[in-house]
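4 protein chains.
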Amino acid sequence: MLFKMLRRLRHFTYNILQNDDHDTFFSRCVDYFLIFLIMTNVAAVIAESVDHWYYGHKDYFEYFENFSIAVFSIEYLLRLWSVAEAKPDNTTWRQRWQWLKSPSALIDLVAIAPAFLNFFVNIDLRFLRILRLFRILKLTRYFVSLRILLVVISKERGSFQAVIFILLIMIVTASSGIYLVENHAQPQVFESIPKAMWWAVVTLTTVGYGDVTPITTAGKILGALITVLGVGLAALPAGILATGLANELAQRRDELEQQFRESLVDGDFDLVQNQKMIDKIRRELGLDKEQAQDIVLQVLREQELERREREVRKKNFCPHCGESLE
Amino acid sequence: MLFKMLRRLRHFTYNILQNDDHDTFFSRCVDYFLIFLIMTNVAAVIAESVDHWYYGHKDYFEYFENFSIAVFSIEYLLRLWSVAEAKPDNTTWRQRWQWLKSPSALIDLVAIAPAFLNFFVNIDLRFLRILRLFRILKLTRYFVSLRILLVVISKERGSFQAVIFILLIMIVTASSGIYLVENHAQPQVFESIPKAMWWAVVTLTTVGYGDVTPITTAGKILGALITVLGVGLAALPAGILATGLANELAQRRDELEQQFRESLVDGDFDLVQNQKMIDKIRRELGLDKEQAQDIVLQVLREQELERREREVRKKNFCPHCGESLE
Amino acid sequence: MLFKMLRRLRHFTYNILQNDDHDTFFSRCVDYFLIFLIMTNVAAVIAESVDHWYYGHKDYFEYFENFSIAVFSIEYLLRLWSVAEAKPDNTTWRQRWQWLKSPSALIDLVAIAPAFLNFFVNIDLRFLRILRLFRILKLTRYFVSLRILLVVISKERGSFQAVIFILLIMIVTASSGIYLVENHAQPQVFESIPKAMWWAVVTLTTVGYGDVTPITTAGKILGALITVLGVGLAALPAGILATGLANELAQRRDELEQQFRESLVDGDFDLVQNQKMIDKIRRELGLDKEQAQDIVLQVLREQELERREREVRKKNFCPHCGESLE
Amino acid sequence: MLFKMLRRLRHFTYNILQNDDHDTFFSRCVDYFLIFLIMTNVAAVIAESVDHWYYGHKDYFEYFENFSIAVFSIEYLLRLWSVAEAKPDNTTWRQRWQWLKSPSALIDLVAIAPAFLNFFVNIDLRFLRILRLFRILKLTRYFVSLRILLVVISKERGSFQAVIFILLIMIVTASSGIYLVENHAQPQVFESIPKAMWWAVVTLTTVGYGDVTPITTAGKILGALITVLGVGLAALPAGILATGLANELAQRRDELEQQFRESLVDGDFDLVQNQKMIDKIRRELGLDKEQAQDIVLQVLREQELERREREVRKKNFCPHCGESLE
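If you read the protein sequences in the order shown, they are chains X, R, Z and U.
For the first sequence, the numbering used here begins at 1 and goes up steadily by one.
For the second sequence, the numbering used here begins at 1 and goes up steadily by one.
For the third sequence, the numbering used here begins at 1 and goes up steadily by one.
For the fourth sequence, the numbering used here begins at 1 and goes up steadily by one.
Fair warning: there could be bad hints in the mix.
List time: in silico DSS-like cross-link candidates among lysine-lysine, alpha-carbon distance up to 30 Å [stated by the list, open to error]:
(1) U:LYS289 to U:LYS155
(2) Z:LYS58 to U:LYS195
(3) U:LYS220 to U:LYS87
(4) Z:LYS155 to R:LYS280
Calculated directly from the structure, the hints in this document are not laboratory data.
Chain X on its own, in the form it takes in the complex:
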């Protein structure tokens, strides 16, 4: 009896915390509460760094921190406990172990671990505070577009590798060159290649603080060349990400379109039933409702156009043998 109640409770907890398909008012409230708590935590870390705020309300900050750790710890344990409901046929502990190794579980752990570690080891207080900023990563769970962006980054890692490699070559070349030509004029600033690298990074990324600039003519010519090349490279990762993002979304739309076409071919076209299926795929792919609806209408419209074109062609050519009627 108690066991049955526990299982029901576990299923309920799973639905609230982990099941994306379960979308009730209560589960949303829990989500919004956690998002709000994460954000106030980040705000608190920032506020604590201002001395007169921190020393004025030290107690409140500590109460809030303790409350946050409690909530995040309970959330972590509840997730660990309820994740066994995900695939009821797998063994309980194997699923838990798999969840523990998942990126989102590791982020949850990192969010609470430093606070507990502090009981055993003595960590520098200021450093500990900054570690609490990792809690911001817990937000990734709630933003589907952020997950898509991460997928794109991982898919385009080959291009990024190439860009970072070229950037490194350019930084090394630029700093060595400027070191050669400016070393005599500004021995302090361009004392060595590692020191010249600060100038190279600031210039190639077009930040240009102006704290270090070439003053010799040779240095300025070299600097101009490097700047022109650098400006062509600086925006490249952003460009790769932008086109990658567009392609990823186009691919997901194509995937939805194809699945819908496949379901249409099966003949038993039932709009209500299809709507459910489309909704399921849509959620998996992270598309919003409007986009999915557009795609479905587009497919239906194209098929109608095709059907009509075939009929017109049939009118002009005899349907029995294909002979032209003209």
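Dock chains R, Z and U against chain X, hints included.
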């Protein structure tokens, strides 16, 4: 009789002010006059901030402001009155209420409201002047490409959300990191995380004023890392917008193409009649004439090519049975 | 007799100077000589601004300038004279008048006009020199990729309009806002909105000289907001141009492909003859040889694949009636 | 006997050093060792520029340099010797000569040449050190995505030409303009056009050090105009590269897809055999395994969908005569 004249006047006003399909010399003159008035208003606000211009011609500025408010108020009332002509079958006041809630009507209201508010409440004069700058938003009505850009921004809001979220994470992380490593060397500049955020924003967006720069080696290494990552993110929204804009225009061209194809299938191909239909769709989609013409010619050309390919295939294979003639 | 010789000379001049299809060793030499002369002219203008170079070799600079004007004037007159050969059936003077109004002829005129104007009016010498820089525009004639870029810019003018409009709104808003909040702290720098605009432009374009920066907290918050928004807009024109360029080139490739397909349908496929036609279209579209060859091979390959797929289908289904053989 | 062993050794060396298809544990170890050595070489060059590091461990740096030269020389000779195995039917020395002229062989030569040159000529030590940085180029051999990027750059050279040309025009125009208006106010900084070019480059690339800024009103207006135009151009090469990279990868995927389709048409579909072929093409095109698998599955799925659509159509229309059954 008077009522009939009033209705005719209302219809005339509606055509001049609201009906995009109505394109006469007079309606264009009204448009250009309003555009000119909006722009001179903005110029006036800017000029008033220069003391020796303002105190030298105080009266002229005030006359111009009063004239502008009068014109914009009359425009607002005429629009409210004549909008009832939009859909003659709807009740008059419901349509007016709907128009009042539309974004363009709200912009019109914001453009004149502060001036009237000033009669009742005493607002700081300088602040009031700046509010008049909102009149620039009235220009959105006249630029179709601007509306398309706004549509793209609203469609890509998911991606922007993700980018802004990542940017926030990076700003918080960067400012916390630099606060940790530079706080001892520059206690004034990096006094707290909120103060360090100014450096983080200026660096991540590659503006790089140079008023705040890291001076320790650790700070420079951290700064270099953040800059390289930041430069990859800074141009991302622009990239997303650019590809989004290209996709949006491509979609609109496809939409026009498909509607034209559908009208062709119906058999009764009549170029003059089609031209009208194409023009109507074109205007709705915000494409220019040249683009629409290109699409129409392309469709006709492709259909001709298809027809000829079918005929050639018929020549090589018997049209009666499909058997090869070779 | 003399008339015949003159006509032959005119035709020869036309081929050398104006006919892109005429590609001999001599016509190339003339092109390279003119390109070299334009570039050395620009270099001379730059060099003349350095006082000790100019006063050291004043005579040489003047000799070179006189020589250049002579060459460019003769070139202009020869072009005007020989352009009558372009379309032999048109009247001579109408063609010349049309050429005079063409952009490239206007550029040629601007390149020599100031020097002749100097005989009649007394222009400031330094300003006159700078005007000679317009000669650099004569280079546009020789770079096909530059012409494509100009076509893209003119096609995307709607998007640029929208971007510049938004940029103007942002500059006006940003400078008004910073004027409000920083005017008291830095009355010199943010004395009026026009003065604050310098800061707004430098910030929104992410240049960030650092000569003008906000110092109040409110100013820094406003500055951070504007910077984050600005960085999203700054790279937008570049993004629009890049995608526009890619689309333009893709369109030209499609155009070439379609023309090649159309010539294939006509049945009398003759590779040598087609090669000529492809080369002609290729040159008109500004594609290079490699790209054109790739497209032709791709079309032939796709048609071969289609043919084979049709044959395989014929094997599986009876070609006489379409009945399945399985 | 010895000759046979030598040939076997040469073949073994060829497989280890040159054959990309030969992928064993030992060949990978050799690759990783060489990559590691190149990177430590670059690190050493950078470290040597720091005086107290260099003079503290002068001997170690020299030992390491000698060891590196030895390894790279042996590698170069082994490659030259074993390359004869590439195409066994060609003559040995012709292949070696062809390899010597290849870009990757030239990079290998440049990496070791300065060190040997030093025996004969007396080169400035510091300059010699910097030349060793070219060893970083040896890494291109090991990164496929870098090679793809270089292919894209060479394909888009037309666009880059146009961009650099426009950039040059803008730099010349901007520096001439600012020289005209700022020369009187800041005769030191804007002494001549070449000096003003430093400002133009720093501004147009949006680096904006702030060491040189316009101070007159005319200069600021000109600066603002140039900045707004410049910001539209600065990110253009990056945008072109990003879209070019996306197109190049899409083209390679299409190429793989078409080759797979062609192999499918041949009828004898054998997944295992196809897998080998796909793997070979995949490696040549520089795609990763995941992408290739996705493409293959997509093609199979589309063909299945097409087959089913044909069958459904056959159900609705009599397959014997094409007459509708309704």
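Item to check | Holds or violated: U:LYS220 to U:LYS87, with C-alpha atoms at most 30 Å apart | outcome: violated (65 Å)
Next on the checklist: Just to be careful, I want the Cα atoms of Z:LYS58 and U:LYS195 compared with a cutoff of 30 Å; is the pair within it?
Outcome noted: Roughly 20 Å between the alpha carbons, so the hint for Z:LYS58 and U:LYS195 holds.
Checklist entry - When you check the alpha-carbon spacing of U:LYS289 and U:LYS155, does it fall within 30 Å? => result holds (25 Å)
Next on the checklist: Does R:LYS280 sit within 30 Å of Z:LYS155, going by the straight-line distance between their CA atoms?
Outcome noted: holds (21 Å)
Violated hint: 3 only; the structure is consistent with all others.
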